[in-house]
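Trainee: Protein chains in written order, with our numbering: chain Z, 1 to 113; chain R, 114 to 223.
The set of hints was computed from the structure by calculation and includes no laboratory data. Careful, some of the hints might be misleading.
30 Å max Cα-Cα, derived DSS-like pairs, lysine-lysine [said to hold, decoys possible]:
#1 R:180 - R:116
#2 R:153 - Z:71
#3 R:181 - R:153
#4 R:170 - Z:71
#5 R:170 - Z:9
#6 R:154 - Z:14
#7 R:169 - R:181
#8 R:170 - R:154
#9 R:154 - Z:57
#10 R:154 - R:116
#11 Z:57 - Z:14
#12 R:153 - Z:57
#13 R:153 - Z:14
#14 Z:57 - R:116
#15 R:116 - R:153
#16 R:170 - R:181
#17 R:154 - Z:71
#18 R:153 - Z:9
#19 R:150 - R:169
#20 Z:9 - Z:57
#21 R:116 - R:169
#22 R:116 - R:170
#23 Z:57 - Z:71
#24 R:181 - R:154
#25 R:181 - Z:9
#26 R:116 - R:181
#27 R:116 - R:150
#28 R:154 - R:169
#29 Z:57 - R:169
#30 R:170 - R:180
#31 R:170 - R:150
#32 Z:9 - Z:71
Chain Z side only, calculated, beta carbon under 10 Å to chain R, not exhaustive [stated by the list, open to error]:
#33 3
#34 4
#35 8
#36 10
#37 41
#38 61
#39 92
#40 101
All C-beta atoms in this analysis are idealised placements derived from N, C-alpha and C, irrespective of residue type, glycine included.
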Amino acid sequence: NAGVTQTPKFQVLKTGQSMTLQCAQDMNHNSMYWYRQDPGMGLRLIYYSASEGTTDKGEVPNGYNVSRLNKREFSLRLESAAPSQTSVYFCASSEVGGSYGYTFGSGTRLTVV
Amino acid sequence: EDKVVQSPLSLVVHEGDTVTLNCSYEVTNFRSLLWYKQEKKAPTFLFMLTSSGIEKKSGRLSSILDKKELSSILNITATQTGDSAIYLCAVDNYGQNFVFGPGTRLSVLP
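The following block holds chain R by itself, in its conformation from the complex (with noise of 0.2 Å):
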């Protein structure tokens, strides 16, 4: 059976801390993997990763994935209150939906 795992499931840090969530998978087929951000409402798009080793970057977030190891990791650096929300990481195994892991709950407090 496919699989997502994220680390940790919860998190709180102060502003201006910088912040490592992981996300690890076990799939039959991998095609990409993708990371969500979600606040009050829908998840919303931050990253689609296919290559291994290749950075993606988007002002103070970056993920990066690792195809030998299974794994991808999400970075925050000098986090602000409004980074505050629940990271979905999810995979796409090459069927008709994306596995979805727990998510990641990260408290960003003044």
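The following block holds chain Z by itself, in its conformation from the complex (with noise of 0.2 Å):
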């Protein structure tokens, strides 16, 4: 099915541990984002690429980086994990702009222990 593919699903880790978010989108489409979702928090931009070859920080990028590595796929790297990252982590892609909204994975479920 198209759409925008996360993996891992779930993930436990412990503090200090290093992890890579895995995302990939089949639509064609120039943006990609990271959100993250806690509750009664709504969703925060944590990084975006708007184009191939380009990545900005979005709210919250601290303890984050990111890699864009084609037009398809855009990683999301917890170098240290701390138990403050302990969330629900979508990524989501875009036409240029948004203008006809964004498209969500599945999300990923991760805690820091």
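Work from the hints to combine the two standalone chains into their complex.
Mentor: Rendered as structure tokens:
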């Protein structure tokens, strides 16, 4: 099925461990995004990539890095996980500027203990 | 700082009730307002509103934008248990991303 694919779906990390969340879209969208969702706080933007080759910080970038590997793939890396990074992470993609809304991946539930 | 506020944050109703969810925004530049429904996983798109006063409808759901009041409402009539979800409002501010509100958690009891 066409859309946004995120892996893994669930992950438990120990404090200080690192991991990479993978995201790929097959809709030929230019823009890709990483959000985190915490109870009562809605979706908060971590990083985004307006087009292949560019990345920019969002609202809550500290503790994360991203790579726009090509037009299809946008990964999110936690170098040294902290309990405050326990959250649900969503990848999304859109046409340039999001004029037709976002398509979201199914989410990654990350727990840092 | 651009901001989107939703109310109520949580709502419990019984099947058959009609509900109205509210979204208000403060953004530097407004292009569109979007409503999403989030059940267990990813948010799914409901409506995009760009023009004031024009109602968008899909079955029992409808939404309207009031640019003068910087707000939008999402109405759900004859609610069903399947309408239980978090409803997210987001604003496209001509930036590189959308600004999301905190969401309204709707619970519909049988």
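Trainee: Would you mind marking each hint as holding or not holding in the structure?
Mentor: Hint check:
Annotation: proposed proximity of residue 180 of chain R to residue 116 of chain R holds, straight-line Cα distance about 15 Å (limit 30 Å). Under the criterion of a C-alpha separation no larger than 30 Å, the hint pairing residue 153 of chain R with residue 71 of chain Z is consistent with the structure, at around 28 Å. For a cut-off of 30 Å, the pair hint linking residue 181 of chain R to residue 153 of chain R is broken: about 34 Å separates their Cα positions. For the hint pairing residue 170 of chain R with residue 71 of chain Z, the CA-to-CA distance comes to about 34 Å; that exceeds 30 Å, so the pair is violated.
With a C-alpha separation of about 33 Å, the suggested pairing of residue 170 of chain R with residue 9 of chain Z is violated against the 30 Å cut-off. Between residue 154 of chain R and residue 14 of chain Z the CA atoms are separated by roughly 24 Å; this keeps the pair inside 30 Å, and the hint holds. Only pairs whose Cα atoms come within 30 Å are accepted, and residue 169 of chain R paired with residue 181 of chain R is accepted, the gap being roughly 18 Å. Distance restraint check for residue 170 of chain R and residue 154 of chain R: the Cα-Cα separation of roughly 24 Å lies within the 30 Å cut-off, and the hinted pair is therefore satisfied.
Proposed proximity of residue 154 of chain R and residue 57 of chain Z is supported: the alpha carbons are some 25 Å apart, at most 30 Å. Distance check on the hinted pair: residue 154 of chain R and residue 116 of chain R sit about 24 Å apart at the alpha-carbon level, within 30 Å; holds. For a cut-off of 30 Å, the pair hint linking residue 57 of chain Z to residue 14 of chain Z stands: about 25 Å separates their Cα positions. Distance restraint check for residue 153 of chain R and residue 57 of chain Z: the Cα-Cα separation of roughly 27 Å lies within the 30 Å cut-off, and the hinted pair is therefore satisfied.
At roughly 25 Å between alpha-carbon atoms, residue 153 of chain R and residue 14 of chain Z fall within 30 Å of each other, so this suggested pair holds. For the hint linking residue 57 of chain Z to residue 116 of chain R, the alpha-carbon distance of about 18 Å falls within 30 Å, and the restraint holds. Between residue 116 of chain R and residue 153 of chain R the CA atoms are separated by roughly 25 Å; this keeps the pair inside 30 Å, and the hint holds. For a cut-off of 30 Å, the pair hint linking residue 170 of chain R to residue 181 of chain R stands: about 21 Å separates their Cα positions.
Restraint check for residue 154 of chain R and residue 71 of chain Z: the C-alpha separation of about 24 Å stays at or below 30 Å, so the hint holds. A distance of roughly 13 Å separates the Cα atoms of residue 153 of chain R and residue 9 of chain Z; the hinted pair therefore holds under the 30 Å criterion. For the suggested pair residue 150 of chain R and residue 169 of chain R, the alpha carbons sit about 15 Å apart, so the restraint of at most 30 Å is met. With a CA separation close to 24 Å, the supplied pair residue 9 of chain Z and residue 57 of chain Z stays within the 30 Å bound.
A hinted pair counts as satisfied when its Cα atoms are at most 30 Å apart, and residue 116 of chain R with residue 169 of chain R qualifies at roughly 23 Å. This hinted pair checks out: residue 116 of chain R and residue 170 of chain R have alpha carbons roughly 26 Å apart, not beyond 30 Å. Between residue 57 of chain Z and residue 71 of chain Z, the direct Cα distance comes to roughly 18 Å. Compliance with the 30 Å bound is thereby established for this hinted pair. Under the criterion of a C-alpha separation no larger than 30 Å, the hint pairing residue 181 of chain R with residue 154 of chain R is inconsistent with the structure, at around 34 Å.
For the proposed pair residue 181 of chain R and residue 9 of chain Z, the alpha carbon gap of about 42 Å is over 30 Å, so the pair is violated. Taking the CA atoms of residue 116 of chain R and residue 181 of chain R, the gap is about 16 Å. The hint holds against a cut of 30 Å. A C-alpha spacing of about 19 Å is found between residue 116 of chain R and residue 150 of chain R, which places the hinted pair at or below 30 Å, so the restraint holds. Taken as a hint, the residue 154 of chain R and residue 169 of chain R pair is honoured in the structure, with Cα atoms around 24 Å apart against an allowance of 30 Å.
Between residue 57 of chain Z and residue 169 of chain R the CA atoms are separated by roughly 33 Å; this puts the pair beyond 30 Å, and the hint is violated. Simply put, residue 170 of chain R and residue 180 of chain R have alpha-carbon atoms about 18 Å apart, close enough for the 30 Å limit, and the pair holds. Taken as a hint, the residue 170 of chain R and residue 150 of chain R pair is honoured in the structure, with Cα atoms around 14 Å apart against an allowance of 30 Å. Restraint check for residue 9 of chain Z and residue 71 of chain Z: the C-alpha separation of about 22 Å stays at or below 30 Å, so the hint holds.
Against a cut-off of 10 Å between C-beta atoms, the interface hint on residue 3 of chain Z holds, since the closest Cβ of chain R lies about 9 Å away. At about 8 Å, the closest approach between the beta carbon of residue 4 of chain Z and any beta carbon in chain R falls short of 10 Å, and the interface hint on this residue holds. Given the 10 Å rule on beta carbons, the hint for residue 8 of chain Z is violated: about 14 Å separates it from the nearest Cβ of chain R. Because the beta carbon of residue 10 of chain Z sits about 12 Å from the nearest beta carbon in chain R, more than 10 Å, this interface hint is broken.
This hint holds: residue 41 of chain Z has a C-beta 6 Å from the nearest C-beta of chain R, less than the 10 Å allowed. The beta carbon of residue 61 of chain Z is not positioned within 10 Å of any beta carbon in chain R (closest approach about 12 Å), and the interface hint is therefore violated. About 8 Å separates the beta-carbon of residue 92 of chain Z from the nearest beta-carbon of chain R, less than 10 Å, and the hint is met. A least Cβ separation of about 5 Å between residue 101 of chain Z and chain R falls short of the 10 Å threshold, and the interface hint therefore holds.
The earlier numbered hints that this structure contradicts are 3, 4, 5, 24, 25, 29, 35, 36 and 38.
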